[in-house]
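Chemist: So the chains spell out like this:
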Amino acid sequence: MRFSGLIVGLFFGGITTAMAQVGKTSRADTLYGSANEIVVTATRTEKKLGNVAVPVTLISSQQIAQAGSVRLADILQEQAGLFITTGFGAGVQMQGLNPDYTLILLNGEPLVGRTAGILDLNRITVGNIKQIEIVKGPSSSLYGSEAMAGVINIITTTPTKNEFALSARYGSFNTSDVNVRFNFLKNKFTYQGFTNNYYTNGFSLRPNSQTSFVTPINRFTQQHQLGYQLSDKTKLSGLIRFNQERITNQIAVENNGVIVNSEGKESNDDANFSATVMHRFNNSIKTSAKLYATTFTSEQELATTSGAPYTDYFKQHFLRFESQTDIAVSKNLETSVGAGYLVDRANSTRYDKKESTKENAVGYAFFQSEWKPLEKLVIIGGARYDHNALFAAAFSPKLALKYSMTNTLNFKASVGRGFKAPDFRQLYLNFTNTAAGGYSVFGAIEAQKIITALKGLGQIASIEQDYYSLAALQPEFSTGYHVSFDYAPSQKHNVSVGFFYNNINNLIDSRLVAYRPGGAQIFSYLNVKTAFTKGVELNVNHKIGKHYLISSGYQFLLSGDASELDKIEQGKVFTRDANGYSKLLNASEYVGLPNRSKHQFNLKLQYQKEQVFATLRALYRSSWYVTDTDGNGLYNTNDSKATGFIQLNATIGLPLTKNITMQAGCNNVLNYRDPINMPNFMGRTGFISINYSMKQSIEK
Amino acid sequence: MKKIIYTFFAFLLFAACTKENNTTKVEPVVSLTVNNLAADTIIGITPGVPPLGGMPYGAGKYTFYSIEKGAVVPSSDSATTKWDIAFRGTAILTNSGNGGPGAGGGFVYVGLFEDLKTVPSDSTFRTENVPTSYAIPFGSNKGWYVYDGLKNLVTPIPGRVLVIRTASGKFAKIEILNYYKGGVTPAATASDNVKMKDQRYYTFRYSFQPNGTKSF
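Listed in order, the protein sequences are those of chains A and B.
Quick note on numbering: the working numbering labels position 450 of the first sequence as 450, and the sequence is numbered without any gaps.
Count along the second sequence starting at 1, add 700, and that's the number in the working numbering.
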């Protein structure tokens with residue numbers, strides 16, 4: 001859908017998500033994420049944010065709207081301690097762990113369809129989001145696989161009154177974003193319909209490039225939520241969501257110096273369906289049963305000007321039934337118990353053949369108790385057991401406590417175990433790059449079979465040592481520790497400082513297992529690595545008067561692999577000096593894992609008076625290492641890195657009339673660009689959006 | 701044959717000798733840096749597509765080099781003891797075993813070039829039994845280099861010294877510095893065309909002990 005201009009007159013009778021928040025006075029004097037906000041992700045029960053023993057970051061719809069965000073990646077990249085990674089879509093790096101290890105939930109249900117471990121956060125519109133809850137640190141005790149670095153739960157708005165809402169935005173690169181929302185309440189029935197359409201022409205930072213690195217794309221989302229209050233005690237609810245992406249791009253592929261032009265077409269389709277029954281037996285016992293099904297289908301076709309077209313097909317099916325019961329045993333003791341069964345299936349041309357279905361089934365049970373032995377002390381203990389059909393079982397315990405040292409100072413500590421089960425790609429991938437080098441990657445289950453077959457055909461030149469270590473993959477495990485202090489002398493000021501440490505074992509990494517004649521390499525996956533990440537997170541919020549807010553966040557991060565450090569200590573690792581001669585690598589030159597910045601800082605200045613607001617947000621990211629250029633197999637100060645940078649974003653919003661508001665914004669005001677390391681990081685862009693609202697709601 | 705540039709910064713390092721034997725003539729240890737030694741550079745691409753076809757190839761000829769003379773030896777002398785080491789792509793051959801008639805051999809020492817002052821007495825010099833085994837092990841991360849198939853680049857591993865026994869049984873140590881033209885590895889983001897065209901040019905430094913002892 002193209003938007004070649006702003007046609008104000010067309011927007012009628014509504015109030016947008018942005019509008020719904022702007023001018024809201026209830027929290028005018030308090031800070032975002034104040035202790036009274038209700039969150040659900042940390043404990044799987046509704047809890048006031050101030051009472052939760054594990055660290056939770058809350059992003060409100062107001063923050064999303066005022067930042068002018070349209071896709072999930074836009075708003076997450078402005079949070080302290082989260083990095084948006086590029087390549088296979090926008091992924092999120094949390095506490096220094098790769099995007100593979102963060103579970104993304106939509107209303108508590110997992111989103112599926114990862115490519116190379118990355119769930120593209122641009123697939124998710126933020127047009128109908130009530131709040132985003134971010135729980136950092138292992139949360140597998142409640143959520144199972146993938147919740148190793150943390151959990152991001154996107155909670156969409158629920159209808160509370162009859163409403164018709166519409167918003168539209170237009171910006172650089174012919175980018176348009178339109179949201180329509182319709183709420184309908186009658187007797188015991190509630191309905192919300194939501195639709196979003198996003199289009200961009202895409203862009204390339206490289207001059208004269210025919211290929212757009214951010215591809216021209218059309219995204220279309222539809223969501224229907226239904227609720228029915230069967231009785232005082234029983235509620236039924238359901239959700240259906242569809243998301244479509246359509247991409248057409250001109251691609252120039254170079255193979256040994258020969259450039260082949262082709263037209264790439266890609267489609268990505270999500271569908272989600274959930275049905276929930278919630279029943280309250282009495283004041284102390286509540287139970288819910290949920291059926292959730294989701295599919296993700298991705299198809300790519302490259303029609304080259306010469307040769308056969310390249311096609312790629314991936315489909316994932318995920319079906320889950322889950323039940324949870326919350327029991328208030330006494331005033332000081334609450335317990336939740338739950339169990340579920342899920343079936344995960346995938347078909348792909350990336351595996352042996354499209355027709356053969358790969359399947360894993362998991363049965364699991366979990367419990368969690370929250371105990372208040374003292375007025376000032378909350379202790380949470382919980383554990384989950386996941387029984388996998390394909391690989392070893394996982395047991396994930398967690399223990400957390402919160403102690404109120406004074407009325408204004410809280411102490412929190414937690415320790416938990418997280419895991420990530422091997423994914424289908426690591427088990428079944430059968431990929432051969434047909435560009436220069438011609439390397440192949442085979443999943444752990446397939447590798448020996450394929451290599452044996454190739455050997456029979458005389459297509460294996462040599463076998464590497466790691467081939468003999470190929471075995472059934474085990475889940476990756478982490479143990480995470482967290483300690484924090486929160487100090488809130490008033491509703492207008494707060495400071496928090498937290499320390500985290502994650503120790504990861506059994507990491508799956510690709511290893512060279514064989515060579516073909518001619519030297520092409522064959523890789524597979526093994527549980528071979530360990531890693532740690534540790535750091536400090538600092539958040540300060542300060543409200544000045546009624547209208548000004550300064551908030552800032554900082555993350556200091558260190559990462560590494562203990563076995564690499566051991567090798568350096570033993571004097572077995574070398575690098576090169578300015579002359580190119582070898583020299584011993586010093587432990588102080590070791591930089592740990594690549595693609596991680598040591599420092600990240602953000603500062604936000606905000607002015608708000610009723611419907612008028614202005615924000616200025618500065619984001620700083622220090623340099624990060626990208627390539628092991630000295631060939632010693634690890635990352636050190638001699639390797640090539642991307643330089644640190646500052647991104648400056650600004651927005652303003654104001655009412656034009658009583659019913660019309662508008663917003664304008666400029667992202668990356670300083671126009672920072674790095675085509676090599678951040679090819680999809682746009683230069684300076686601008687946008688404008690207009691919202692028209694009719695104040696009276698459609699009465700029941 | 702490519703032009704070879706020699707950088708001569710020979711210095712006088714006397715082999716460990718005492719007053720008793722300083723009547724014999726002591727030859728200095730020779731130290732040289734060799735730049736841009738072409739080693740079977742790419743002349744074409746095999747038909748088909750990777751991984752079986754579409755691979756760059758050279759003429760398949762080794763470049764022979766005499767450590768003792770500090771010069772390239774014509775391939776017509778390949779069956780003689782006039783050369784000490786030979787290069788073809790990432791493969792390095794010593795004049796030994798089935799590789800040549802000489803009394804050569806070699807092994808890879810893990811450590812610094814400067815720190816290797818004497819060839820350890822318990823060292824085992826390997827000889828050629830190509831293609832089954834090479835004195836200097838052939839393959840990524842086995843001998844002197846690592847090949848990154850994803851980035852399509854060959855990088856010499858720092859801290860690897862090739863200890864070579866020459867065709868006449870004398871000793872030398874070699875550090876490979878670079879595998880690309882001009883001694884500069886292309887950027888990881890460089891085009892495959894550049895990576896292909898500029899590869900198989902060795903830059904290395906070596907020290908040679910002409911007096912037959914194992915000290916440098």
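Possibly wrong hints are sitting among the right ones.
[What the hints assert, rightly or not] Capping the alpha-carbon separation at 16 angstroms, the derived lysine to aspartate or glutamate pairs in EDC-like fashion look like this:
{"hint": "1", "chain 1": "A", "residue 1": "572", "chain 2": "B", "residue 2": "740"}
{"hint": "2", "chain 1": "B", "residue 1": "851", "chain 2": "A", "residue 2": "639"}
{"hint": "3", "chain 1": "B", "residue 1": "851", "chain 2": "A", "residue 2": "355"}
{"hint": "4", "chain 1": "B", "residue 1": "881", "chain 2": "B", "residue 2": "727"}
{"hint": "5", "chain 1": "A", "residue 1": "353", "chain 2": "A", "residue 2": "326"}
{"hint": "6", "chain 1": "A", "residue 1": "315", "chain 2": "A", "residue 2": "375"}
{"hint": "7", "chain 1": "B", "residue 1": "842", "chain 2": "A", "residue 2": "466"}
{"hint": "8", "chain 1": "A", "residue 1": "354", "chain 2": "A", "residue 2": "312"}
{"hint": "9", "chain 1": "A", "residue 1": "583", "chain 2": "B", "residue 2": "740"}
{"hint": "10", "chain 1": "A", "residue 1": "658", "chain 2": "A", "residue 2": "589"}
{"hint": "11", "chain 1": "B", "residue 1": "842", "chain 2": "A", "residue 2": "566"}
Source of the hints: derived by calculation from the structure; they are not laboratory data.
Chemist: Please write out, lowest number first, the hints stated earlier that are contradicted by the structure.
Modeler: As far as the earlier hints go, 1, 3, 4, 5, 6, 9, 10 and 11 are violated by this structure, in ascending order.
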